[in-house]
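Note that the protein sequences, when read in sequence, are chains A and B.
If you read the first sequence in the UniProt record's numbering, its first letter stands for residue 1, the second for the next number, and so on.
If you read the second sequence in the UniProt record's numbering, its first letter stands for residue 1, the second for the next number, and so on.
By construction, these hints were calculated from the structure, which means they are not laboratory data.
Even glycine gets a Cβ: it sits at the ideal position worked out from N, Cα and C.
Take these hints with a grain of salt, some might be off.
[What the hints assert, rightly or not] Quick list of the computed label-pair ranges, beta carbon to beta carbon:
{"id": "1", "chain 1": "B", "residue 1": "311", "chain 2": "A", "residue 2": "94", "range": "57 to 63 Å"}
{"id": "2", "chain 1": "A", "residue 1": "60", "chain 2": "B", "residue 2": "416", "range": "35 to 41 Å"}
{"id": "3", "chain 1": "A", "residue 1": "123", "chain 2": "B", "residue 2": "1", "range": "55 to 61 Å"}
[Unchecked claim] Covered stretches of chain B, going by a simulated chain A footprint (3 or more residues, C-beta under 8 Å):
{"id": "4", "region": "126-138"}
{"id": "5", "region": "197-205"}
{"id": "6", "region": "279-291"}
{"id": "7", "region": "309-316"}
{"id": "8", "region": "329-337"}
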Amino acid sequence: MKLLTLNFLTCAIKTCKTQASSFPLHPKDSELEIIEADMNLPFLKNILPRLMWEELRLICKELGLPDLPPTAPTPNDLVEGGIQEVADGQQPADEQPSQTAKDLHRVLLETCIQEGKLVCGCCGHEYAVKEGVANFLLPGHLV
Amino acid sequence: MPAYLVRLAQIHESFRKAELLALAEVAGAELEIVKYDDDSPYCIVNLPSDAAAKAVASRAMLVQGIYELWGQGSTYDELRAHVKETTPTKWSTYEHCTFSFRIERYRGVQAPAEYTHAIVDSFRFLGFKGKWQFKNPDASFRIFEDYLLDAKEPHHLYLGRWIADSGRDAKNVYDLKKRHYISTTSMDAELALLTANIALAAPGKLFYDPFMGTGGFPIACAHYGAVVTGSDIDGRSIRGTGGSARRGQTGKKNVQMNFEQYATASQYLGGFVSDLTNTPLRLDAQAPWLDGIVCDPPYGIREGLKVLGSRDLATPEEKAVHAKNYQAEGYVPPKRPYSFTALLDDILAFAVVTLVPGGRLSMWMPTANDEDIELLIPSHPCLELSSVCVQAFNKWSRRLLTYRKRRPSEVDAAALEALETRKREYEQGTRASDLNDFRRKYFQGFREFEDMKKEFIRMKVGAGIRKEEASAEADLLEATQTSAKAKVEAAKQQVEAATKTEESAAAKADQLNEHFKVEPSI
């Protein structure tokens, strides 16, 4: 699973979901793998405002990845030379990803958790990740 | 806006308009449908430009091509007159181009070559001086003849200049027969791609399928450039350890490898195992993050409709056993059957808190053909139903329902409040059939429906018999009436005749008296 997914995942237990500490889930004993992916600038620009930046930084720190900047970049920071305004009916110029975009791409879309556990900060329940697939099914006593 | 002729595919008719409108929205183009008929593959639309026409058509599944409309009419004379009237300003543009000119017949029989030549010849007035070229000409013209079933003559004709072909070829590329890994419930490639189009999948967007199975819908969305993720309650279908749906196929198969087959693995965030009623996804209406949700929820027929939990409420002892064993290798959490209507409402509620404003939820839903269709469409004040498309089978049909997430300003606050205070009653029970009306009907072979149909026919026949009896009686009465009338007439005639005889006898007597000069006796 690509690391971006972690920004959308909380604990599956209903009583935890209302607690702030259930997000993000904390990776434990994780095996990371870098899987090359095509740069997708339109997607990064679209998804950036929807990210929980503080939580993303925290996870990167816990995984020992390079530090992310303390404040979230803006979509404008992702394009080399900034986003150019185009007049109506004009073809937009080919946008090139900035270093910030490349770094984000590396973290969000190329870094994958293959094995390990995801731990809820509220109840401590551990969700296993096997072959890159996390299992969020709750055992009988927690439903 | 200029008019364009869309050559549609004559299949899945109720999806065609929805797809055109959705693709126009993706392309950011204003599209107006001028002429459309479910029974014809020719549709006329207004679009702002050739570029917009190309953008709309080039990824459409139910379109074969799009043409700039040069004229139309119900006869060739009318067509030529229309072309002469509306297009002379365009003729010079193509004067020296290489060009081709073809005729396409829909439902017509193959015509002899001389006929075709004569028709093409009759368009000489366009004054094209360029070379006739069959392959890759600069401009390609086409006459469309639309026939009614079994008709000898076309009932409508169009002339168009080719703008673009469609994206319909994708259905062959994504054909399930050629897909690496499928399951028994994989959605047909054409319909999966169509769903992705209607849900506005496009580059830069994020899509999710909560019942992904072997990933058919996410794969279709990724084809149109979206980044995708998905989940399923059955982890084996994602990891590919449940075996292949193909007989005799062995070896490693999983969803990831499907994405690799279509070279879209970069857009696949990964799948995870989860249950929609206990979802691990971030649910915060203030911070939605999904552009689209596409799914074919389990109907409980081929694929069980189950959620986490015990069939009967778990006792503390059972819970203790689960607590002790859940970390063991091979532990399977208990699951219970679930109500289908409850699941549909859960999907809607999930979409409301995860979709960004304007985002789409496209989901398939089955119904028996006897049910009142309007009543059964689930609704939510925060979602606007944007299209309903039907694929009909013999006794049941499935429908693709597409909803648009409303902006906060568009939501009816009173309706939302009413929804929160009202607790909906769902089917109760522990058995799958108690919980799922459609499943029950399906396995009863739609018997109730059949019974109802029979009853209806019986009523109709009964009414027919009564009608016949009544009309026979009426006939009889009428006949009696007529004969009575005739008798009256006859009697009248007899009376008249008798009167005449009497008169003539009297006249004769007078004559005789006259003749014999006898004084009439008094």
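Tested hints:
1. A beta carbon spacing of about 58 Å between residue 311 (chain B) and residue 94 (chain A) agrees with the range 57 to 63 Å that was offered as a hint.
2. The hinted range of 35 to 41 Å is satisfied by residue 60 (chain A) and residue 416 (chain B), whose Cβ atoms lie roughly 38 Å apart.
3. Under the hint 55 to 61 Å, the C-beta atoms of residue 123 (chain A) and residue 1 (chain B), about 59 Å apart, fit the expected range.
4. As drawn, the region 126-138 of chain B meets chain A at 0 residues by the rule of a beta-carbon pair under 8 Å; below three, the given contact is violated.
5. Only residues whose C-beta sits within less than 8 Å of a C-beta in chain A count toward coverage, and the region 197-205 of chain B has 3 of them, enough to reach three; the restraint holds.
6. Chain A is given as covering the region 279-291 of chain B, and this holds because 9 residues of the stretch bring a CB closer than 8 Å to a CB of that chain, at least three being needed.
7. Against chain A, the region 309-316 of chain B contributes 3 residues with a C-beta closer than 8 Å to a partner C-beta. That satisfies the three-residue criterion, and the hint holds.
8. Coverage of the region 329-337 of chain B by chain A holds. Counting CB-CB distances below 8 Å, 3 residues qualify, and the rule asks for three or more.
The earlier numbered hint that this structure contradicts is number 4, and it is the only one.
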